[in-house]
Structures are given as C-alpha cells and as structure tokens.
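**Student:** Protein chains in written order, with our numbering: chain A, 69 to 697; chain B, 1027 to 1315.
Just so you know, these hints were derived from the structure itself, not from any lab.
Hints are supplied without guarantee of correctness; some may be wrong.
Unchecked claim - Output of the computed footprint for chain A on chain B, the stretches with three or more beta carbons under 8 Å from beta carbons of chain A:
id	region
1	1093-1099
2	1183-1191
3	1198-1207
4	1220-1232
5	1248-1260
6	1280-1288
Owing to the predicted nature of the structure, the values given are computational and were not obtained by experimental measurement.
Cβ atoms here follow ideal geometry from the backbone N, Cα and C, with glycine treated the same way.
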Amino acid sequence: MDVASRLSGQFRESEDIKVMEVGVRWQGRYQLKSFGFVGRQASACTVVLRWCLAVCGVLSIEPSFAAAKQDGDWTMPGKNYQGTRYSELEQITPENAGKLKVAWTFSTSINRGQEAAPLVVNDTMYLVTPYPNYVFALDLKQSGTVKWKYDPKPEAAAQGVACCDVVNRGCFYDNGKIFFNTLDCHTIALDAASGKELWKTKLGEINQGETMTMAPLVVKGKVLVGNSGGEMGVRGWLTAVDANSGKIAWRAYSTGPDKDVLIGPNFKPFYEGERGKDLGVSSWPPNQWQIGGGTVWGWVTYDPELDLLYYGTGNPGPWNPEIRPGDNKYTCGIFARHPDNGDAAWFYQTSPHDLFDHDGINESILLDLTIDGKPRKILVHPGRTGYMYVLDRQTGEVLSATPFGYITSSKGVDLKTGRLIPAEEKKPHTGKTVRDVAPASPGAKDWQPCAYSPRTGWLYVPHQNLTMDYEATEVNYISGTPYVGANVKMYAAKGGNRGEFCAWDILGKTNVWQIKENFPVWSGTVVTAGDIAFYGTMEGWFKAVNARTGQIVWQFKTGSGIIGQPVTYLGPDGKQYVAILSGVGGWPGAIVSGDLDGRDPTAALGFVNAMKDLPQASTKGGTLYVFSL
Amino acid sequence: MSFRFKIVLLVAVFVLGFSSGQSEPAKRVLRIAADPNNLPFSNDRGEGFENRIAAVIARDLNAEIHYTWRAQRRGFFRETLKTGDCDMVMGVPVGFDKALVTSPYYRSAYVFVSCPDSETRFASLDAPALRTLRVGVQLIGDDGANTPPAHALAARGIVTNVIGFTVYGDYRQPNPPARIVDAVARGDVDVALVWGPLGGYFANPKSLKVSPVSETTDSGVPFQFAIGIGVSRKNSALRDELNLVLAKHDREIKRILDDFGVPQLPLEAAAANPTNALAMAQSGQEAPK
C-alpha cells in the first residue's frame, strides 16, 4: 500500500491535523501539568512517531488510529485520574451543537435510577445498570448491538438495604479488564473482550446493612472500592483488591483505632485538630465508632507523582448527634492515602461532629494552578456543606472555602483551624422544630461530579438549591421498635429553583454564570475542548451549553429524567459522540423510581416534599442515548 | 310444588353444586406482611405473638393467611400495604401515618432489663446509677431520630457509658434486635433500655428483671406506645372489621401477650386520644397514665 493510501486509510483528515496538534500541544501541556496526561503523552508521542514512520512508509506496527483514538476513549468515569471529566474532542462546538441528533439508543431494560458513566474503549461501550447490575458490552461499530452481557446475579435482598435507590455509578477499564461493584457488595473483574468473569470477591455483608454503589478506581494493580450504608450502622471503609487475583490487599476503616484506619508514622494532617493517637476511637463515646459510619460511596482520584489517592468519607452514625458527642473522626472528611499499602498521608474533616448528613464523599478534582503567584498542587472539593474547598493536596491545608450555594447551617470555615463554624440556632434538637437549615441534607452538591476545563479554568458544577425543616412529630416503627422521628422536609431555597448548573471560577472564587433549573441537577457533566459542557435535568432534558457564556445551544428531551454521567468519545467512524443514560431515580428521584407516596413528604429522608411534582415531569426509564452531529 | 319435583330440584341443586367444580366456597385470604426473623413479634415459622394473634383473627373470619416476608426496614410499608400486595401489618403504632391503624390491642412501654442479682431497682430515667453503670440502648439512626431511651440518655449527658445496639444487627442471626438482651445476660452491659415486648420475651428465659420506665414522656419523646393492626389507608372497611374481631377476642389476645411476657399498660388512656401522648410529649407534659 502506498503512503498516500496508507495515510488516507489510517488517518482521517481531522486526525491528521489532530496528530500534529497533539504533537505540538504535548510539549506545551507538559509544562503546565506534570501528570495525568502521562498515558496520553506517551501515546501522542507514539502517534507522532507512527505518523512520521507511516509517511516514510517504513513501519506500521498496529493501526495508527488505535493509538490516536486513545484520546477518544473514556476508560474511567472521571476520564482521568485527576477526575477532570474534560475531553479534548472538539468536533462539537457552540456553533454546530444545534445540529446534534440521536445517533442510536439502547434500552438497559432496568427502569431504576441510572447514575453510571458509560465507558468507551476499543470501539466498545461498557454500561453497568442499577440492580441487578448487568454489565453490557455494546459494539460501537454496529450502533450498539450487544457483544456480551454479564449477569452477576446479586442477592435480591440487597435492594431492601440500599437507602437511596439501587443505583450503580459505573465500571472502570484497566489492562483489558472491566471492574465494577454489585449492590450486594461484590467486586468483579471481567475480561473486557469476552465478558468472562475473571474473579468475584465478596467485600461486605448485606445482612449487616452494607451495600456497594460506587465506581471503583484501579491504579497500580489495585482496585479501590468503598462501601455504602451509613444509615444502617455500617462501619465505613476503603478496600484495595488485587486486580489480578481478586484478593483483598488492605482495608482502611474510617473509624476505630489507628491500626484499623491505617494511620501510621507517615500521617501528617495539616491541622492540629486532626492530630492525635487513635482519634477514630477517642473522638466518639466508647465503642460507638464500631457502628460509626464514614462509608466510602463516592469518588476516588489519584496523583501518580505524589502517589496519593484522594477520597471522602460519609456521615457518622447514628444520625442524631447528641448520642455521639465528639468530632466523630474520621467521618465527613477527605483522606489522602498511598495505594500500595493504604497508609494515610493526611485527613481533613469538612464536617466535624456532623449535624446534617453532610458526607465528605464528593469528588476531589486534582489540579495544578498558580495561586497568589505560586504554583500549587491543589484539589478542588465541592462540599455537601456548601463550600467550594481548595486544598493543598500535598498537605491537606485549606487554601480557601467559599460558599457556592445557600448556607444557613454554618457561619464559615475558620482557615486557621480548618474547622467548620456551625450556626448554633440551626442545630437540631429532639422535639424542637428548626426551619430553613441549608444546605439541606443532600448538600449544595451531592455525588454528581463536576468537570474542569483547562481552557476556561472553570469548574462546571451540577448541583441543587435546597433547604430543610426539622419537625419532631412523626411516629415510626422499624424492626418492631417504635420511636418518634423527626419530620424532615426539604424544599427549594432562595430563588425557588431547586437546581442549578453553573460555571465556577476556581481562582476568582465566584460563579461566572448559572443556569437555574426547576429540579435538582443530579446528573454529572463533561466539558470539552470544543467549549461545550453537557448535563441533564430530572425532567429528562439533555443540554449542551456554551462553556464560556453559559448559553444553552442545544437540548433534547429524553424519555426519563437524567441522573447519569455524560461521556464523549470518538466513534469507529472518527466522529465525536456524546452518550448519556436516561432513567430517573436516585435519592431525589425515589418518588418515581421507588413509587413513593407524594402525600408522605418525609419519605426518602424528606426529599419527597421537595419533589412532589416530579412524577408529572418524569416517569421511570432506563435507556442509553448516543448523540452526534 | 309436587314432592317429586322438590326431590328433582334438590338433586339438581346438589349436582350443580358439585359440577361447578368447587366442593366448598373459596376461603377468604388475609395477606399479611411480616418480618420473617423478628421474635417475639413474628418469624417465618409462625412462632411470634403477632403470628398467633393473626391466626385468631383468621379463624374468626374463616380466612387463611398468606404471608409476605420482608425484613421491617425503611420502605416496608411502601412495598407491602401501599402496593396493594398486602392487606395488613399486625403491629403498627397508633399515630403511624403510613397506614390506617385499628384500635390498639396492646399498649407497652420501654423497659429496663437488668440482672436478677442487681441491687438497683430501675424505674426512672433519672436514676443516678444510669450515669455510672454500663447502659445498653437500642439504636435506629433515622433522619436524626433515634429510640426514646437514646434521646433521653443523650439529653442527660449520659453517653460515655452507653453502648448502642442497632436494631438491624446481623440479619443472618435469629432475631437481631435481641442482641441487647443477650448482652445483659452475658454481663456485657449492666442494664439495657429496651422496647417492652422485646425485653419481656427475651428476659424471661434468662430470668432477667424487667421493669417499665416510669416516665411516660421524656426529652420530648414518648416512652409508651399503643399498637394496633395497620391496613392500607384506603381500606377503612377492613380496619373497622378488624376492630370488631379484636374486641371480640380481647381476652384470648391478652392471654397470648401474657404468654410472651409482653409488659402491658391499660389500653383505656390510649383509646381516648392516641395522638395525645405524642402531642403532650412535644410540649413537655406528662400524658395520663
């Protein structure tokens, strides 16, 4: 084959330019960020080399577009280990997004809350459904026909234990394998090509209230997984499972003595309040740490240079705070750990002695920015507490904590001590009515992840705008035990809109633009080099936004509300596609996915009060939509 | 009618009766949702007092019972009564708004469970001994709420000597909420605060002492609850029917409750105004005993 046809056969015109661009930009980007692009830098380099070689007609090892397309894949929910959810694809722009149309669809056949991020690797798309947690491998060359389907057959009883719909946030691709978790606490490795089960390891016990919903992170041959069940007296942990054998390598509990929490001599928290021996015991009444919560059901990110994992811990149990005086470490905070052995480097508690279910599990996006003239390695963590935290990710120092939502429950974060300053008048007391406690328990933002654009320097934040009242009047009955429970009712905070999608200037510490939405924006988001951000609403609208101006440039009404994570990828034809799962549910959508009674405003932990009109806006669903120009 | 005609008619009716394919009218079915692993209330072997009382009701109504077994957790009522898959839940507190509740068939209190050789006679939550002894308490952890004893102890600043037992426990074990009483028997705690029927049933075989908490309300929450049968909110007809059956068999039901060691309080105060106790608890008053 002559050079010309080899070129035309193996490279599309846009890829030619892309190869050159990537080759040039690789140099520039290396100076700005020293990690996170290692994989792609290597492949970009290889691409450039192959292009040269192909032009010279000298050598062709594997099809060059395979190397180039690594940029067009989506191998982990966060897109990369930093969790930026930023795609370099730029075919879709604000100018042409209006022409986006449905390319194909796929019904998952499970009509529960769809929170997963579809993965795309080697022209195959991988989906994990809500319980019963099917894994589908779809052939992108055939518009999504099923290559294989894996059924983990999880225990049906797990559904009764999960607090907030039987969701799953997605799988992870690494080294030819797909890794994912099942609701009944198994972590499973599959061969990505065939769907064959490689190993299946049980990590928790549903009979003790544990479930698993999070998407794992795989790094250095370890699969990092965390449990759910903070409402059930579960003791939270992060566990590393060997990616080859499926054996547990280490487990770091979120409460208990240092040896359980994997705190050793290398533990150097920044703040005095986090330092001390066995704080995971002494910051609780005796023995309470054993049912202390701190589950790890959210996002894990990783810095290969510092060799540190970053993740957050959930709320302490039991929820009523008077029974657990003390800071309740290490719940509601952010850990930095080494993946080889789980050794903790630092911890920062976003909500000590948590009063409001403000878990710390939201994502920590890792960025290298210049702050006050100095280059800093930071993480950005949008907190349930309502503060956008910027931390030095080497030390755990809080550089800033700026409100990004409506807050009444606290007065600020003391940057000298790092401590959240609670608002006394909003503290719940048994039998006492407390109104307008904000952010409500789902926080100013919950698990739904942001995206970061290095082009604008802004964070794209899907979130909610809710406040809540506590009224202690409800008679309740669990396991044959009667008690009086607090009526918790959530409702829209100031402005009347329950949701918002905004662009947040991290360095400027302010909103740049915001789009108000009627319902909480519970979907994830992605932002691209084409300066487009995508997100979905609980009515089912999938929207494309000009990432610079905030103008909605396109939208499409899918069949059900969207709470999943959009991804964008290059199809086998070299075109850019955008994929999103549509199917309402999750905590705010429980009134639909769980068929709850709208007349019981306290159902779904009080969320039903805020979502009584959702059933008119959305019914159940479970369909994947793929769009292209 | 001639005699012969009457015979023919009688035979015809008889034959028709058989040939319709039924030897007797289909039995009425009571569809009951219950926890398969929660003595003394119920289990899937029918050994609980709710199972026994349900059998009394079924016998009266000439019905058979179909059980839907489900651990009683969040979502229990939504997935049983509300879906229409079940008609009744045998034990539901009066004032519970997820079901229509019959008149109560028993009223009980949270109780102290302690060792027989313990010198302390437990009655009031203000007992000084509660500040120093190891006290077991049931924990639920729902939306900032917990069991009444958990609130009362916390309100008194009694936390360091408190050991919590989640009502969920390990569901692979029989009757997970009973672990708190086992702990008293083993000496892991000196005294436990337990919902009456649970305490009474599991304390008996181990000869543990059971005494009701003297406060009817404390720290803004009630310590006594009246329990009836719950039906779907749309089924007042069944609720009314069950009220009659419960009244008719009140002595038999009381005997069953006595057999199971359920500590019982007079029903009259509850019948007067079931939600009164709750309202008074909110305003810090004592409900009538």
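**Student:** Evaluate each hint against the coordinates.
**Tutor:** Taking the hints in turn, this is what the structure says about them:
Beta-carbon proximity to chain A at under 8 Å applies to 4 residues in the region 1093-1099 of chain B; the threshold of 3 is reached and the given coverage holds. With 6 residues carrying a beta carbon less than 8 Å from a beta carbon of chain A, the region 1183-1191 of chain B meets the three-residue requirement, and the given coverage holds. Under the rule that three or more residues need a Cβ within less than 8 Å of chain A, the assignment of the region 1198-1207 of chain B holds, with 3 such residues. Chain A is given as covering the region 1220-1232 of chain B, and this holds because 3 residues of the stretch bring a CB closer than 8 Å to a CB of that chain, at least three being needed.
For the region 1248-1260 of chain B, the proposed coverage by chain A is satisfied: 3 residues have a C-beta within less than 8 Å of a C-beta in that chain, meeting the threshold of three. Restraint check on the region 1280-1288 of chain B versus chain A: 0 residues with Cβ-Cβ distances below 8 Å, three needed, restraint violated.
Hint 6 alone, counting from the list given before, is not met by this structure.
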